[in-house]
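Number of protein chains: 2
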Amino acid sequence: MADLPKAFQDYYPDDYSHCYGCGKLNANGLHIKSHWDGDESVCIFDPLPHHTGGFPDYLYGGLIASLIDCHSAATASAARCRQAGIELGTQPLPRHVTAALKVDYLKPTPVGQLTLRSRIREITAKKVVVETSLSAGGTVRARGETVMVLIPERAVR
Amino acid sequence: MADLPKAFQDYYPDDYSHCYGCGKLNANGLHIKSHWDGDESVCIFDPLPHHTGGFPDYLYGGLIASLIDCHSAATASAARCRQAGIELGTQPLPRHVTAALKVDYLKPTPVGQLTLRSRIREITAKKVVVETSLSAGGTVRARGETVMVLIPERAVR
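Residue numbers (our numbering), protein chains in the order written: chain E, 24 to 180; chain L, 24 to 180.
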């Protein structure tokens, strides 16, 4: 995956780019990046040394949930563009919020490079259902399912 | 809740106190603290200013999942002690790992003080099912359900 193009998250409009997990305007954030790889989206992420779980050589489960959430949200937005025949970068990405997140933790995850891969299970005018695996060392460690809901305009609290 | 006693997390054994979310030995972590309040466990948490979601005044959904996860894990351990009639602090807390985490995001959450409240739905020799609400400004914003599995000894990868 050398010479990667811009990531999905680079195409979010600026007013939606403040996410701690993936926002390009969050100076303290994790800055995860997602790309297409055929029908799947992929994100490679290197946790920081302090992203430990209870035991010092296990990854923090909250980070696993967080990465699945952000990568799935960006995948939902990119998939909506792809379905509409809109090339990434020709207009700001549509924005989704997470309605539901489910993570099954299958095996302990070491604190090392992670690979997330997502597929679209369902896409409608209002929502996208995304299935994600999280692997380390070539082994799937967790699986996620998210329901992402399109924001037609700025949601009111 | 003035003059709080030690939190559940303060009673984890040292080798299990490295969690980014709640470990007393993680110098860079969030250090969440959970206590009993009758039949419920409670955690009050103040997010950092950079814990934003896509929009700068929304809380990061990954943090919501992370807080539910850590608070539920500690609640599971404290509940196991309570069920066995063991007073907190008289021996190290039993340790649980998350098998499954589900979060329903009900309303946008502002970046302000959060209150998590958990109840035990099921407790067996091997697992604890914990239900959690996350509120801000007196309104429930998210609900979580976690399945916590007891670690009888150090899990092998």
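It is possible that some hints are incorrect.
One copy or two, it doesn't matter: identical chains are merged, so the pair holds either way.
Below, computed lysine-lysine pairings styled on DSSO-like, alpha-carbon distance capped at 27 Å [as the list claims (entries may be wrong)]:
#  : residue 1 : residue 2
1  : 29        : 130
2  : 149       : 47
3  : 149       : 125
4  : 29        : 56
5  : 56        : 150
6  : 150       : 125
7  : 125       : 56
8  : 56        : 149
9  : 130       : 47
10 : 149       : 29
11 : 149       : 130
12 : 29        : 47
13 : 29        : 150
Since the hints were derived computationally from the structure, they do not count as laboratory data.
Here's how the hints hold up against the structure:
1. Taking the shortest alpha-carbon separations for residue 29 and residue 130, neither the intra-copy value of 32 Å nor the inter-copy value of 31 Å comes in at or below 27 Å.
2. For a Cα distance limit of 27 Å, the shortest separation of residue 149 from residue 47 inside one copy, 25 Å, qualifies, whereas the shortest one across copies, 42 Å, does not.
3. For the identical chains of this complex, residue 149 and residue 125 are neighbours both inside a copy (19 Å) and across copies (21 Å), given an alpha-carbon limit of 27 Å.
4. In the homo-oligomer, the alpha carbons of residue 29 and residue 56 lie at most 27 Å apart inside one protomer (8 Å), although the nearest pairing across protomers, at 40 Å, exceeds that limit.
5. In this assembly of identical chains, the alpha carbons of residue 56 and residue 150 lie at most 27 Å apart only when taken from the same copy (22 Å versus 35 Å across copies).
6. In this homomeric assembly, residue 150 and residue 125 come within 27 Å of each other (Cα to Cα) both inside a single copy, at 16 Å, and across copies, at 18 Å.
7. Proximity of residue 125 and residue 56 under a CA criterion of 27 Å is satisfied in both settings, with 21 Å inside one chain copy and 24 Å between copies.
8. Within a single copy, residue 56 and residue 149 get their C-alpha atoms as close as 24 Å, which meets the 27 Å cut-off; across copies the closest is 38 Å, which misses it.
9. For the homomeric pair residue 130 and residue 47, the shortest alpha-carbon distance between copies (24 Å) is at most 27 Å, but the shortest distance inside one copy (31 Å) is not.
10. When the C-alpha separation of residue 149 and residue 29 is checked against a cutoff of 27 Å, the pair qualifies only within one copy, where the shortest distance is 26 Å, while the shortest distance between copies is 46 Å.
11. For the identical chains of this complex, residue 149 and residue 130 are inter-copy neighbours only, at 17 Å across copies versus 33 Å inside a copy, given an alpha-carbon limit of 27 Å.
12. Taking the closest pair of Cα atoms, residue 29 and residue 47 come within 27 Å of each other only inside a single copy of the chain (12 Å); across copies the shortest separation is 39 Å, beyond that limit.
13. Only within a single protomer do residue 29 and residue 150 lie at most 27 Å apart by alpha-carbon distance; the minimum there is 24 Å, versus 44 Å between protomers.
Of the hints listed earlier, the one the structure fails to meet is number 1.
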